[in-house]
Amino acid sequence: MLNTALTIAFFLVGIALLLNLYRLARGPSLPDRVLALDTMYINSISLIVLFGIRTQSNLYFEAALLIALIGFVSTVAVTKFLLRGDIIE
Amino acid sequence: MLGSRWLPYPGMSLLLWAVWLLLVNKITLDHVLLGALLAWLMPQVTRLFWPAVPRLRRFDRLLAFLGVVHWDILVANVTVARLILGPPSKLRPAFVEMPLDLDNDFAITVLANTISLTPGTVSADVSEDRKTLLVHVLDVDDAQALIRHIKYRYERPLREVFPC
Amino acid sequence: MEPWVEWTVSIAILVGAVFVLVGSIGLARLQDFYMRLHGPTKATTLGAGGTILGSLIFFSAQRGALSLQEVLITLFLFITAPVSAHMLAKAAMHLKIGRRSGTRGEPWDQ
Numbered sequence: 001m002l003n004t005a006l007t008i009a010f011f012l013v014g015i016a017l018l019l020n021l022y023r024l025a026r027g028p029s030l031p032d033r034v035l036a037l038d039t040m041y042i043n044s045i046s047l048i049v050l051f052g053i054r055t056q057s058n059l060y061f062e063a064a065l066l067i068a069l070i071g072f073v074s075t076v077a078v079t080k081f082l083l084r085g086d087i088i089e
Numbered sequence: 001m002l003g004s005r006w007l008p009y010p011g012m013s014l015l016l017w018a019v020w021l022l023l024v025n026k027i028t029l030d031h032v033l034l035g036a037l038l039a040w041l042m043p044q045v046t047r048l049f050w051p052a053v054p055r056l057r058r059f060d061r062l063l064a065f066l067g068v069v070h071w072d073i074l075v076a077n078v079t080v081a082r083l084i085l086g087p088p089s090k091l092r093p094a095f096v097e098m099p100l101d102l103d104n105d106f107a108i109t110v111l112a113n114t115i116s117l118t119p120g121t122v123s124a125d126v127s128e129d130r131k132t133l134l135v136h137v138l139d140v141d142d143a144q145a146l147i148r149h150i151k152y153r154y155e156r157p158l159r160e161v162f163p164c
Numbered sequence: 001m002e003p004w005v006e007w008t009v010s011i012a013i014l015v016g017a018v019f020v021l022v023g024s025i026g027l028a029r030l031q032d033f034y035m036r037l038h039g040p041t042k043a044t045t046l047g048a049g050g051t052i053l054g055s056l057i058f059f060s061a062q063r064g065a066l067s068l069q070e071v072l073i074t075l076f077l078f079i080t081a082p083v084s085a086h087m088l089a090k091a092a093m094h095l096k097i098g099r100r101s102g103t104r105g106e107p108w109d110q
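Taken in order, these protein sequences are the chains called A, B and C. Anchor point for the first sequence: position 37 equals 37 in this note's numbering, and the numbering is continuous, going up by one each time. Anchor point for the second sequence: position 29 equals 29 in this note's numbering, and the numbering is continuous, going up by one each time. Anchor point for the third sequence: position 55 equals 55 in this note's numbering, and the numbering is continuous, going up by one each time.
The shape of chain A in the complex, shown without the other chains (with noise of 0.2 angstroms):
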């Protein structure tokens, strides 16, 4: 039951990351690109979430909240850089 429903979630995920995929390459402005990225994380948090499950591990908890943590700041590093041109002012 619990690892029918993991390989359909892995799917349902996987597609999601093909779409953000998607608008990545296809733009057509910078903020979508970042928006596309920023997605790109969030989707890939659930996707290690659930291969923790699947392993039955827990060490990926770090990963999962790393990339959350570096994910953020690097959405908001850019979308500051798109807004002054500048990072650190």
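Honestly, the hints are just simulated from the structure, not real lab data. Because the structure is a prediction, the values reported are computed rather than measured. Keep in mind that the hints are not guaranteed to be accurate.
[To be verified] Think about it this way: if two alpha-carbon atoms lie no more than 25 angstroms apart in a straight line, the pair counts; the simulated DSS-like pairs of lysine-lysine are: (1) B:K131 / B:K151; (2) A:K80 / B:K151; (3) C:K96 / B:K131; (4) A:K80 / C:K96.
[Unchecked claim] Just a sample of chain B residues kept apart from chain C, beta carbon distances all over 10 angstroms, derived: (5) P10; (6) L16; (7) A36; (8) V45; (9) F65; (10) W71; (11) F95; (12) V96; (13) E97; (14) Q144; (15) E155.
[To be verified] If you want a taste of the chain B side facing chain C, the calculated C-beta under 10 angstroms gives, among others: (16) L29; (17) D30; (18) V32; (19) A76; (20) V80; (21) L83; (22) S89; (23) A112; (24) S123; (25) S127; (26) K131.
The C-beta atom is built at its ideal place from N, Cα and C for all residues, glycine as well.
Add chains B and C to chain A, keeping to what the hints say.
Showing chains B and C alone in chain A's frame:
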């Protein structure tokens, strides 16, 4: 002594302590003590970064508000899912300017974040004088009704939680 | 593992994955940037929350003790998602990204 020099931000210290215990994911005496030390030390060290953090006035109202927001997030997602999967040409997007009655920055931030997490609305900007909030709506019929709804459901309880 | 735990975890995971997908469909499908912003900020965040809830129940049941670690990720995502959406909207208005025709109201100059 709450709010004194020794413990400038009791709420933040409590939060840091809880986060530490969650990170190590076990409750043993050494981690409880280490967490308490860090929770005391970190607000002291970073004190200069924290301008006036308003005091919470009504803790019960805050809990009720959080309950309402969580419920709305669930409902919002079903609504937004239906809008996304439906025909895009039928959507009626709009930028709406919403006058603010809150007057401290922290409360405005909480309101803006709440708006972003709930039905089809994203807060896009705050005016320099902190009097107007620009909100983008995915699908709206009557903008004034939406503003009234936000004011009644989110802004009014926040005014009670954070004294103005 | 007891069957009802397995069922609950499966449902949480599936609901989460569906919301993740819906958010990304919104990102790929809607017409202008400001509309695309809605999918990821709400649906994807809740989707991640759903899978994380599944993981929380799973590990709690496996160890026989409450494992609340995962709550940290959810909490962090729910606090940061609106902030990055706000920053992105500001950046888009600064760059004067076009709106779909028929959008009422004006974005502000940055």
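Each hint tested on the structure:
1. B:K131 / B:K151: Since the Cα atoms of K131 of chain B and K151 of chain B sit roughly 14 angstroms apart, the hinted pair holds (cutoff 25 angstroms).
2. A:K80 / B:K151: Answer violated: K80 of chain A to K151 of chain B is near 30 angstroms, above 25 angstroms.
3. C:K96 / B:K131: Measuring from Cα to Cα gives roughly 23 angstroms; hence the hint holds.
4. A:K80 / C:K96: 15 angstroms, holds
5. P10: The claim stands: P10 of chain B keeps its Cβ more than 10 angstroms from every Cβ of chain C (closest is about 20 angstroms).
6. L16: The claim stands: L16 of chain B keeps its Cβ more than 10 angstroms from every Cβ of chain C (closest is about 12 angstroms).
7. A36: 18 angstroms, holds
8. V45: It holds; V45 of chain B is separated from chain C by about 21 angstroms at its closest Cβ, greater than 10 angstroms.
9. F65: 15 angstroms, holds
10. W71: It holds; W71 of chain B is separated from chain C by about 13 angstroms at its closest Cβ, greater than 10 angstroms.
11. F95: 3 angstroms, violated
12. V96: 6 angstroms, violated
13. E97: 7 angstroms, violated
14. Q144: With a cut-off of 10 angstroms, Q144 of chain B remains clear of chain C, as the shortest Cβ separation is near 12 angstroms.
15. E155: 16 angstroms, holds
16. L29: It is violated, given that the least Cβ distance between L29 of chain B and chain C is near 17 angstroms, above 10 angstroms.
17. D30: The hint is violated - D30 of chain B has no Cβ within 10 angstroms of chain C, the shortest such distance being about 18 angstroms.
18. V32: Given a least distance of 15 angstroms, the restraint on V32 of chain B is violated.
19. A76: 6 angstroms, holds
20. V80: This hint holds: V80 of chain B lies near chain C, its Cβ roughly 5 angstroms from the closest one there, short of 10 angstroms.
21. L83: It holds, given that the least Cβ distance between L83 of chain B and chain C is near 8 angstroms, below 10 angstroms.
22. S89: 8 angstroms, holds
23. A112: 7 angstroms, holds
24. S123: The hint holds - S123 of chain B has a Cβ within 10 angstroms of chain C, the shortest such distance being about 6 angstroms.
25. S127: 8 angstroms, holds
26. K131: 13 angstroms, violated
In this structure, the hints that do not hold are numbers 2, 11, 12, 13, 16, 17, 18 and 26, in rising order.
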